[in-house]
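Undergrad: As a plain string of letters, each chain reads:
There are 2 protein chains.
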Amino acid sequence: MEKVSILIVGKYAEIECNLDRFRDHFNVLKLSDLSDINKIDEPELKKVQAIAFKGHSTLNSNTLKKLPSLRLISNFGVGYETINVADAKAANVLVTYTPDVLSDDVADLALALLFGVSRHLLQGDDWIRSGSWREKGEMPLNKKISGSTCGIIGLGRIGFEIAKRLESFKIKIHYYSRSRKNVSQKWIYHKSPVNLAKVVDNLFVSLVGGEGTRGFVSSEVLDALGPRGILVNISRGSTINETALLEALEKKKIYGAGLDVFENEPNINARFLSLKNVFIQPHQGSCTRETRKAMGELQFQNILECLAGRKALTPIPEMN
Amino acid sequence: MEKVSILIVGKYAEIECNLDRFRDHFNVLKLSDLSDINKIDEPELKKVQAIAFKGHSTLNSNTLKKLPSLRLISNFGVGYETINVADAKAANVLVTYTPDVLSDDVADLALALLFGVSRHLLQGDDWIRSGSWREKGEMPLNKKISGSTCGIIGLGRIGFEIAKRLESFKIKIHYYSRSRKNVSQKWIYHKSPVNLAKVVDNLFVSLVGGEGTRGFVSSEVLDALGPRGILVNISRGSTINETALLEALEKKKIYGAGLDVFENEPNINARFLSLKNVFIQPHQGSCTRETRKAMGELQFQNILECLAGRKALTPIPEMN
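From first to last, the protein sequence lines stand for chains A and B. Start counting the first sequence at 1; every next residue gets the next number (the working numbering). Start counting the second sequence at 321; every next residue gets the next number (the working numbering).
Just so you know, the hints here were simulated from the structure itself, not pulled from any lab data. You may find that some hints are simply not true.
Once the Cα atoms are required to be at most 27 Å apart in a straight line, the calculated DSS-like pairs of lysine-lysine come out as [said to hold, decoys possible]:
#, chain 1, residue 1, chain 2, residue 2
1, B, Lys596, A, Lys293
2, A, Lys293, B, Lys456
3, A, Lys181, B, Lys484
4, B, Lys350, A, Lys136
5, A, Lys164, B, Lys374
6, A, Lys276, B, Lys331
7, B, Lys484, A, Lys136
8, B, Lys490, A, Lys170
9, B, Lys490, A, Lys164
10, B, Lys613, A, Lys252
11, B, Lys359, A, Lys293
12, A, Lys136, B, Lys492
13, A, Lys293, B, Lys350
14, A, Lys186, B, Lys573
15, B, Lys367, A, Lys11
16, B, Lys484, A, Lys170
17, A, Lys186, B, Lys492
18, A, Lys198, B, Lys490
19, A, Lys170, A, Lys136
20, B, Lys456, A, Lys164
21, A, Lys293, B, Lys331
22, A, Lys136, B, Lys596
23, B, Lys506, A, Lys164
24, A, Lys54, B, Lys350
25, A, Lys172, B, Lys572
26, A, Lys170, B, Lys456
27, B, Lys456, A, Lys276
28, B, Lys331, A, Lys164
29, B, Lys613, A, Lys136
30, B, Lys501, A, Lys170
31, B, Lys492, A, Lys170
32, B, Lys596, A, Lys170
33, A, Lys276, B, Lys613
34, B, Lys456, A, Lys39
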C-alpha cells in the first residue's frame with residue numbers, strides 16, 4: 001500500500017524532527033521554507049495530507065489551494081499566528097500545535113530575563129573581563145527582585161507558570177486577562193493593563209500573538225510601569241508597541257526590559273543593540289534540547305493520530 | 321559629654337553607610353583599608369569602642385591590641401572569615417554580622433547563575449549582536465532546568481532560600497549538611513557530598529567560608545556531578561577546590577559553572593575568562609541597593625544597641 005504523503009516545512013534541529021520515524025510511517029516531502037513550495041511537482045503536492053509546520057512564513061489559502069488533499073497542519077510551537085486559521089477552517093483543515101510541553105522553558109527564561117536586567121548580569125560579566133573589579137572594586141549596586149510586586153499580562157499556560165515561579169521569590173502577583181481566572185485568591189485581577197502596570201514593580205507579557213494583541217502594551221502601559229519598572233516579554237514582538245518601548249528605554253521612562261522576542265525577527269531594530277538597560281535573547285524561549293524533543297514528539301503524534309482517523313492530541317482552541 | 325569613638329573600615333557605597341547618622345551618635349574615625357590603621361594617632365585609636373567593618377583584610381590580635389577599648393566588631397555582610405573570632409573572644413570583643421537581610425538577593429543570584437549557564441545567556445546575547453541570528457537562524461539548543469533534580473551543599477539560611485525557589489520550578493531537592501535539617505520531608509538528606517552530587521543534575525554551594533570548608537567541593541564531588549551537571553557557587557571561592565574546578569570545566573567533566581565567588585578576588589584566575597561554559601559575576605550576591613541599605617542599617621543598629629549596653633541584634637553564632 002502506498003504511504004500517505006506529508007510535507008515537513010521549516011528548519012529543524014536533528015532532535016526536533018525524527019525523520020526516520022516519519023519515513024517509517026509516511027512518504028515524506030521536505031521544504032526549508034514554504035516559499036519554495038513550487039519546487040515540488042504538482043502531483044506530489046496534491047497527495048499531501050498533512051504539513052509538519054515550523055516556520056515564520058504565512059500559511060493561508062494561497063498555499064492551501066495547492067494542497068487539495070490536506071487534512072492537517074501540525075504546528076511546531078505554541079504560537080501559530082502565521083497560519084490563517086479561517087482559511088484552514090474553510091478548507092476543512094485541522095490545525096494542531098504544541099502547548100504545555102514548552103511552558104516550563106519559556107517561564108524559566110522569563111525569570112532569567114528579569115534577573116538579567118535587575119542584577120545587571122551583562123555588566124557584571126564585563127566588570128570582571130574589563131578589569132574594573134580589580135581597579136575599581138565592587139560593581140555598581142543594582143535592583144532587588146525578591147519581595148517585589150509583579151504583574152502578568154495574559155494569564156495563559158505560560159503566564160501561569162511564570163506567576164507560580166515568582167511566588168517562591170516572595171513576590172505578590174497581579175494579572176490582567178480578558179476575564180478573571182480560577183487561580184489563587186492571592187493573585188489580584190485587573191481589568192485594565194494600565195491599572196495593572198501602575199501597581200506593580202515589574203511586568204511580564206505572556207499574551208498570544210496575532211492581530212488581536214498587536215501593540216497591546218502601549219506607551220500608556222509603559223508610562224504606568226514607570227522608571228523603577230522592568231518589562232519582560234517572552235510572547236511575541238508584536239504584543240508591544242516597539243516604537244514606544246524603544247523610546248521608553250532610551251529616555252529611561254522604565255528601568256529596563258528583558259526581551260526574547262522582537263518585531264521583524266531576526267532583523268531586529270538596531271536601536272536595541274546600543275541600549276544598556278536591556279537584556280536580549282534571540283527568541284530562545286523553548287530552545288532547550290529536552291523541550292524541542294518533546295515538541296517534535298507532540299507534532300509527530302498529532303499527525304499520526306489525525307491521519308489514522310483518530311482524535312488529534314492538541315488542536316488549537318479555535319478548532320474545538 | 322564626649323561622644324563614643326567608632327572606627328568605620330572599608331569602602332562603602334553611600335546607601336550602605338549613613339555617615340550623618342553615625343556622626344549624630346558617635347565620634348567617627350574612618351579607614352578605607354585596615355592596613356592603614358597606623359595613620360590614625362594612637363590616642364584616638366585607644367578610644368575606639370566599635371568597628372563598623374567591611375573589608376577583605378584580616379582582623380586579628382595584631383589590630384585588636386591597638387584598640388584596648390574595643391567592645392564590638394560589627395561586620396557588614398554574612399561572611400566574617402577574615403575576622404579571627406578566637407582573637408576577638410580573647411580580647412572580650414563581640415562580633416556581629418548581617419544575616420537574613422541578604423539571603424533573598426544571594427538566592428536570587430544563585431538561580432540567575434544557573435540559568436546563565438543552562439540557557440546560554442551570554443551566547444544568546446552574542447548570537448544577536450554578532451549577526452548570527454540573521455545569518456544562521458536559531459541559536460544552538462541548550463539545557464532545560466525545570467523538572468530537574470538539584471542538590472544544595474550547606475542548607476543554612478541562603479541554601480534554604482535557594483531550595484524554596486527551586487521547588488517552584490518543579491525541581492526535586494536533595495541536600496548535604498552537617499546534620500539533617502528540620503525542613504520539608506520532600507527534601508532528601510545526604511550524609512556525603514559525593515553521594516549528593518551523584519544523584520542530582522545541578523549542584524549549589526552555599527557553605528560558610530573559612531578554613532573549615534576550604535576545598536570542600538573536591539574533584540571527587542565534581543566527578544560525581546558529571547558531564548551534564550551545572551555547579552553554582554555563591555558562597556566563597558575557598559569552598560571549592562578551584563584547581564579541580566578549572567580542570568573539570570576545561571575538560572568538560574561537568575557541563576558548566578555559575579560563579580559569583582572565586583579564590584583571590586578580585587584577581588581571579590585568568591583561565592576562567594577563556595571558558596565558554598561558565599557564567600561569572602564579580603561577587604555581587606548581595607549587591608542591590610535595597611539589600612545593601614538593609615545591611616548598613618543592621619550594622620548600625622548592632623553598634624547602637626551594643627554600645628548603649630543593650631543586647632546586640634545579630635551576634636555571630638560563636639558568640640551565643
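Undergrad: Hint by hint, note whether the structure agrees.
TA: Verification of the hints:
1. About 24 Å separates the Cα atoms of B:Lys596 and A:Lys293, which keeps this hinted pair within 27 Å; it holds.
2. Between A:Lys293 and B:Lys456 the CA atoms are separated by roughly 20 Å; this keeps the pair inside 27 Å, and the hint holds.
3. Our distance criterion of 27 Å between C-alpha atoms is met by A:Lys181 and B:Lys484, whose separation comes to about 26 Å.
4. Taken as a hint, the B:Lys350 and A:Lys136 pair is honoured in the structure, with Cα atoms around 19 Å apart against an allowance of 27 Å.
5. This hinted pair does not check out: A:Lys164 and B:Lys374 have alpha carbons roughly 37 Å apart, beyond 27 Å.
6. Proximity of A:Lys276 to B:Lys331 is assessed by CA-CA distance (about 26 Å); at most 27 Å being required, the pair is judged to hold.
7. Among the hinted pairs, B:Lys484 with A:Lys136 is inconsistent with the structure: their alpha-carbon atoms are about 35 Å apart, more than 27 Å.
8. Between B:Lys490 and A:Lys170 the CA atoms are separated by roughly 17 Å; this keeps the pair inside 27 Å, and the hint holds.
9. Distance check on the hinted pair: B:Lys490 and A:Lys164 sit about 10 Å apart at the alpha-carbon level, within 27 Å; holds.
10. Distance restraint check for B:Lys613 and A:Lys252: the Cα-Cα separation of roughly 24 Å lies within the 27 Å cut-off, and the hinted pair is therefore satisfied.
11. With a CA separation close to 66 Å, the supplied pair B:Lys359 and A:Lys293 exceeds the 27 Å bound.
12. The suggested pairing of A:Lys136 with B:Lys492 is violated, with an alpha-carbon distance near 40 Å, which exceeds 27 Å.
13. Among the hinted pairs, A:Lys293 with B:Lys350 is inconsistent with the structure: their alpha-carbon atoms are about 60 Å apart, more than 27 Å.
14. At roughly 44 Å between alpha-carbon atoms, A:Lys186 and B:Lys573 are farther apart than 27 Å, so this suggested pair is violated.
15. Proximity of B:Lys367 to A:Lys11 is assessed by CA-CA distance (about 74 Å); at most 27 Å being required, the pair is judged violated.
16. A distance of roughly 10 Å separates the Cα atoms of B:Lys484 and A:Lys170; the hinted pair therefore holds under the 27 Å criterion.
17. The suggested pairing of A:Lys186 with B:Lys492 holds, with an alpha-carbon distance near 25 Å, which does not exceed 27 Å.
18. Only pairs whose Cα atoms come within 27 Å are accepted, and A:Lys198 paired with B:Lys490 is rejected, the gap being roughly 31 Å.
19. Between A:Lys170 and A:Lys136, the direct Cα distance comes to roughly 33 Å. Violation of the 27 Å bound is thereby established for this hinted pair.
20. For the suggested pair B:Lys456 and A:Lys164, the alpha carbons sit about 35 Å apart, so the restraint of at most 27 Å is broken.
21. At roughly 50 Å between alpha-carbon atoms, A:Lys293 and B:Lys331 are farther apart than 27 Å, so this suggested pair is violated.
22. Distance check on the hinted pair: A:Lys136 and B:Lys596 sit about 25 Å apart at the alpha-carbon level, within 27 Å; holds.
23. A C-alpha spacing of about 19 Å is found between B:Lys506 and A:Lys164, which places the hinted pair at or below 27 Å, so the restraint holds.
24. A distance of roughly 64 Å separates the Cα atoms of A:Lys54 and B:Lys350; the hinted pair therefore is violated under the 27 Å criterion.
25. For a cut-off of 27 Å, the pair hint linking A:Lys172 to B:Lys572 is broken: about 40 Å separates their Cα positions.
26. Simply put, A:Lys170 and B:Lys456 have alpha-carbon atoms about 40 Å apart, too far for the 27 Å limit, and the pair is violated.
27. Restraint check: the Cα-Cα separation between B:Lys456 and A:Lys276 comes to about 25 Å, which is no more than 27 Å; the hinted pair holds.
28. For the proposed pair B:Lys331 and A:Lys164, the alpha carbon gap of about 39 Å is over 27 Å, so the pair is violated.
29. Annotation: proposed proximity of B:Lys613 to A:Lys136 holds, straight-line Cα distance about 20 Å (limit 27 Å).
30. About 22 Å separates the Cα atoms of B:Lys501 and A:Lys170, which keeps this hinted pair within 27 Å; it holds.
31. Among the hinted pairs, B:Lys492 with A:Lys170 is consistent with the structure: their alpha-carbon atoms are about 20 Å apart, no more than 27 Å.
32. For the hint linking B:Lys596 to A:Lys170, the alpha-carbon distance of about 33 Å lies beyond 27 Å, and the restraint is violated.
33. Proposed proximity of A:Lys276 and B:Lys613 is supported: the alpha carbons are some 24 Å apart, at most 27 Å.
34. The hinted pair formed by B:Lys456 and A:Lys39 meets the criterion: a straight-line CA distance of about 23 Å does not exceed 27 Å.
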